[in-house]
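**Student:** Sequence:
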Amino acid sequence: MPPVAEKNPLLAELDAVAASEPDEAALERCDAVRAQAEEAGDVVAAARARFERARTLSRAGRTKESHEEVGDFVARYEREADATIRRLVCRGLFGLTRDRIEAGVDRRVAISEYRHILAIAEREPPIDGLAASAHYHLALTYGKIAVERDSAEHRERALERFREVRERFGDKRSREVRRWVARAAMGQATMVPLEEAGALYESVIERHAQDAPEMRGLALEALVAWAERCAKEGERERAASIAERARGALQPADDPDFAARLSRVVSSTG
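Numbering (this note's numbering), first residue to last: -2 to 267.
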């Protein structure tokens, strides 16, 4: 058995910061690691130190300062070829975009940011998980605009993006990517007629029902969402049947919200 490589001590220190309280001491540790990394020419550790500083500020509720740090971080590193650094840049942009959406920014700004993330993630070597996530969030945003504006154009754009995730990344093996493929199928299912939606939900169930424990919840989510959709559209017998399938798949460790949602479906079907 080959020896296990020692973890970079600078990155280990930043792991500790990420798990610590978001206080001034944590910020000082980020600054100290960055200084050491820059002196040693360790670009990855220096980038991670800047990222953790922005993240620490965010966790401390210092949103404005965090956003400024993220802006500087992205400007400094978005053209880096290293996949680890680009992953951090994309994570920073995702967090920034989430905050802006929560603050009520126009969704077109979010679309621009998700396209920015996609461009970074798709550079060689591509980062499939982040590219799939960016496509998914674009689809979700187009879908929300379609509802708000009753826009057929944005509805079609949303469906195109959901299909893009499934068709382009459906054969990937990483759990991160498979999670986004499943979520894209369930997102698409909310926008199509019930029969077509059922096939999409079933595809998720078949793929993940016997999956690893941390992925099996996707199959359960699909069952619950499908039962809810049937109940909403008056398909009471079908809703009850799917809910029974879901209840049979429930395990003690599963999210209790699933059981609560299923109980509501069963109650609504009499």
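Mixed in with the good hints there might be a few duds.
As the list claims (entries may be wrong) - Capping the alpha-carbon separation at 30 Å, the derived lysine-lysine pairs in DSS-like fashion look like this:
1. 4 <-> 141
2. 229 <-> 4
3. 141 <-> 61
4. 169 <-> 141
Keep in mind that the hints were calculated from the coordinates and are not lab data.
**Student:** Is it true that the CA of residue 169 sits at most 30 Å from the CA of residue 141?
**Tutor:** Measuring from Cα to Cα gives roughly 27 Å; hence the hint holds.
**Student:** Could you grab the alpha-carbon distance between residue 4 and residue 141 and see if it respects the 30 Å cut-off?
**Tutor:** With Cα atoms ~43 Å apart, residue 4 and residue 141 exceed 30 Å; violated.
**Student:** Keeping to a limit of 30 Å between CA atoms, is the pair of residue 229 and residue 4 held or broken?
**Tutor:** violated, 52 Å
**Student:** Going straight from one Cα to the other, do residue 141 and residue 61 come out at no more than 30 Å?
**Tutor:** holds, 26 Å
In the structure shown, a violation is registered for the earlier hints numbered 1, 2, in ascending order.
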